[in-house]
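**Student:** Work the whole structure out from these sequences, hints included.
Following the working numbering, the numbering of the sequence shown begins with 1 at its first residue and continues without gaps.
Mixed in with the good hints, there may be bad ones.
Label-pair restraints from in silico Cβ distances [stated by the list, open to error]: (1) P155 / R6: 50 to 60 Å; (2) G45 / V163: 41 to 51 Å; (3) R30 / R87: 39 to 49 Å.
These aren't lab readings, by the way, just hints derived from the structure by calculation. Just so we're clear, the structure is a prediction, and the values are computed from it rather than from any experiment. Beta carbons: idealized from backbone N, C-alpha and C, even for Gly.
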Amino acid sequence: MDTTQRTEQQRSADRRRRELLEAADRVVLRDGPQASMNAIAAEAGITKPILYRHFGDKGGLYAALAKRHTDALLDSLRAALDAPADRRERVEATLDTYLAAIEARPQVYRFLMHPSEGGQPGDAGFDIGRYSAPVLRRMGEELATVIEERLDLGPGSQQLARVWGHGIVGMMHAAGDWWLGERPCSRAELVRSLADLLWGRLAAAGDRVGGPGF
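**Tutor:** Written as structure tokens, this is what we have:
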């Protein structure tokens, strides 16, 4: 098989994988954590063994969906962090971007962060710690990189940036999960309250020399 044939086969496989993920997304939007491999295969117009061939098992499909949605969310968060605004406005915009994303697609959020709620007869559910923790860890590392690149935190800046990155993501996740379930206040009120909590140390830190600024 020559290189051209291999490249075309890879493109075809990638295209088919995207189509299957889009079908899975439609089922998740409808069913949330109760989305099953049977329902996803039916939505895609294929048999369940073919779905397994592409993703291995439900965990493999979950990981692919998690990457797809995390990539999109991180792109939105980076855009908020790069917005031409002062630091307080960018902090609030970043918090609001995360909360707006989970509010807009609550079923997707619950599928990604509460997968153990799901599972149909004969269709194993998720181990929430095994599958959703890496999503939060990736977001924490991404935010830590942004903080280290942009803020002068003094001695031990790399470690402190990682503490802040993971701590902020943990706070957003816990507060957002509670807020999405109970709706005790408006999104704007929650954003202001969380920004107030973060603001003292963030306001005091200087921009890193030569960095893009925060």
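**Student:** Work down the list of hints and note, for each, if the structure agrees.
**Tutor:** Each hint, compared with the structure:
1. P155 / R6: 50 to 60 Å: Cβ of P155 to Cβ of R6: about 51 Å, so the range 50 to 60 Å holds.
2. G45 / V163: 41 to 51 Å: Between G45 and V163, where Cβ atoms are some 48 Å apart, the hint holds.
3. R30 / R87: 39 to 49 Å: 40 Å, holds
In summary, the structure agrees with every hint in the numbered list given earlier.
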